[in-house]
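S.K.: In order, the protein sequences belong to chains A and B.
Residue numbers for the first sequence follow the working numbering, beginning at 215 and rising by one.
Residue numbers for the second sequence follow the working numbering, beginning at 215 and rising by one.
Where hints are given, some of them may not hold.
A pair holds if it fits inside one copy or across any two, identical chains being indistinguishable in the list.
Only pairs whose alpha carbons sit at most 30 Å apart, straight line, appear in this in silico DSS-like list of lysine-lysine [claimed, not checked]:
no.: 1; residue 1: K345; residue 2: K365
no.: 2; residue 1: K368; residue 2: K345
no.: 3; residue 1: K288; residue 2: K345
no.: 4; residue 1: K379; residue 2: K365
no.: 5; residue 1: K407; residue 2: K288
no.: 6; residue 1: K365; residue 2: K288
no.: 7; residue 1: K345; residue 2: K407
no.: 8; residue 1: K365; residue 2: K407
no.: 9; residue 1: K379; residue 2: K288
no.: 10; residue 1: K379; residue 2: K345
Calculated from the structure, these hints are not laboratory results.
There are 2 protein chains.
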Amino acid sequence: MDLDRLQQLIGHRFDDAALLRQALTHRSFGQPNNERLEFLGDSVLNCVVATMLYRHFGRLDEGDLSRLRSNLVKQQALYEIAQRIGLSEHLQLGEGELRSGGHRRPSILADALEGIFGAIFLDAGFPAAEKAIVALYEPVLRSVDPLTLGKDAKTLLQEWLQSRKLPLPVYSVVATHGAAHSQMFEVECAIPKLQIRVLGSGASRRAAEQGAARRALEAAQAAMPPERKRSRARADAPVRGDAPAAA
Amino acid sequence: MDLDRLQQLIGHRFDDAALLRQALTHRSFGQPNNERLEFLGDSVLNCVVATMLYRHFGRLDEGDLSRLRSNLVKQQALYEIAQRIGLSEHLQLGEGELRSGGHRRPSILADALEGIFGAIFLDAGFPAAEKAIVALYEPVLRSVDPLTLGKDAKTLLQEWLQSRKLPLPVYSVVATHGAAHSQMFEVECAIPKLQIRVLGSGASRRAAEQGAARRALEAAQAAMPPERKRSRARADAPVRGDAPAAA
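One chain only, chain A, in its complex shape (with noise of 0.2 Å):
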């Protein structure tokens, strides 16, 4: 296992290069295994991360800068870079997980990341994971839309159209099709002053509210002009008495 590259990628050697193979090592292949590294890697992560986000986002409130954190620690955001670093080529697994392409998985891949980020931590300290998952986590904080990241269809449409001064959009459910353990339900979504009305469909109602939110969204926004970004700008400034220490 060449772990030299790896090294590079994610901007960190190891002192103790035995930590890092820990990291990389799935229950499935035996102990040590990256389990409880997983553990002390996300509660770090997530450290690092509430730090960016405050130290970024000086105007934004708890539960906003609450709602960006959980996006960017999750799962499919971990894979996101994983992938990109390449992880999985140095993964090691048991052979039914190999053979079951294990490798590939979401979940090994994003707990592998977070092993990753506990094995510095301990290599370390806490300046070096920071630094580590700053830098990778850079690119992601720069596509971030603080106003849009994490929120469901129908917050969003009723955002958008609250902040237009519009009417709310009226949902009902048009259709129930199936049998009560598999149902499918069909939602229809109308904003009548943009003379908007689409249809959503789902194993729930609230799926399908969601779907038909989704569309009805994209619907008024081919139908109106984009508004000027406002709140963006006022998201990013820091504010007195938030301004951050060297870490």
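Mind docking chain B on chain A? Use the hints.
M.R.: Just chain B now, with coordinates in the frame of chain A:
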């Protein structure tokens, strides 16, 4: 507001005293308040407690570590520490909150303590926050029983019985009272081998079972001598490959 004594008790002297004042300011008092600092402090606290647990319990798996962590960072644990350091006399609250006894409210005290952790982090970085949190949590950690903390009564009873090779308890609903929207359940928990039959009641079947399990465990422990401590020592032992680095 004399903050000298408080800074002594939390083990950190602020360079920027405005940060400490902000941490002590509830949103009812105005701006700047501690809501954003609380977001930051919550994640710093999570990270430090995870580290303490990882190092202290070298053989606990990640599930047990997560259970312990969530119990140590929850509102009640923070509230008890806040009381120990007399936090309530330093809070800045709005008129209404003051009149309704807000300075004694567990949620307000817990949030302010998290705000203080965030403020220390901004004032002097991670090591300073870690030092303060470790000092405040040391007495808490010493009293933790990793085998029981945060487990519900049914789980504890089941584990107690299994460790003695005794058969599992039997739960049965013996009565329900009241109308549909305000029902009360009465559940019996029976351990025939120990001749134990006790009742528990609650607003749900689940709650009633937990109540009955609690009583059954008390009765069982009274009926049988305590087992020698086995797993506590094992959970404490550090393992190779997990050795902590200097923080």
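S.K.: All hints are to be evaluated individually against the structure, with a verdict given for each.
M.R.: Status of the hints after comparison with the structure:
1. Taking identical chains as interchangeable, the C-alpha atoms of K345 and K365 lie at most 30 Å apart only when both belong to the same chain, with a minimum of 29 Å there against 37 Å between chains.
2. In this assembly of identical chains, the alpha carbons of K368 and K345 never lie at most 30 Å apart, being 37 Å within a copy and 44 Å across copies at closest.
3. Taking the shortest alpha-carbon separations for K288 and K345, both the intra-copy value of 20 Å and the inter-copy value of 29 Å come in at or below 30 Å.
4. For the homomeric pair K379 and K365, the shortest alpha-carbon distance inside one copy (20 Å) is at most 30 Å, but the shortest distance between copies (50 Å) is not.
5. Taking the shortest alpha-carbon separations for K407 and K288, neither the intra-copy value of 37 Å nor the inter-copy value of 47 Å comes in at or below 30 Å.
6. Taking CA atoms no more than 30 Å apart as the test, K365 paired with K288 passes in both settings, with 14 Å inside one copy and 26 Å between copies.
7. Taking identical chains as interchangeable, the C-alpha atoms of K345 and K407 are never at most 30 Å apart, the minima being 50 Å within one chain and 59 Å between chains.
8. Taking identical chains as interchangeable, the C-alpha atoms of K365 and K407 lie at most 30 Å apart only when both belong to the same chain, with a minimum of 24 Å there against 54 Å between chains.
9. When the C-alpha separation of K379 and K288 is checked against a cutoff of 30 Å, the pair qualifies neither within a copy, at 34 Å, nor between copies, at 41 Å.
10. Taking CA atoms no more than 30 Å apart as the test, K379 paired with K345 passes in neither setting, with 44 Å inside one copy and 51 Å between copies.
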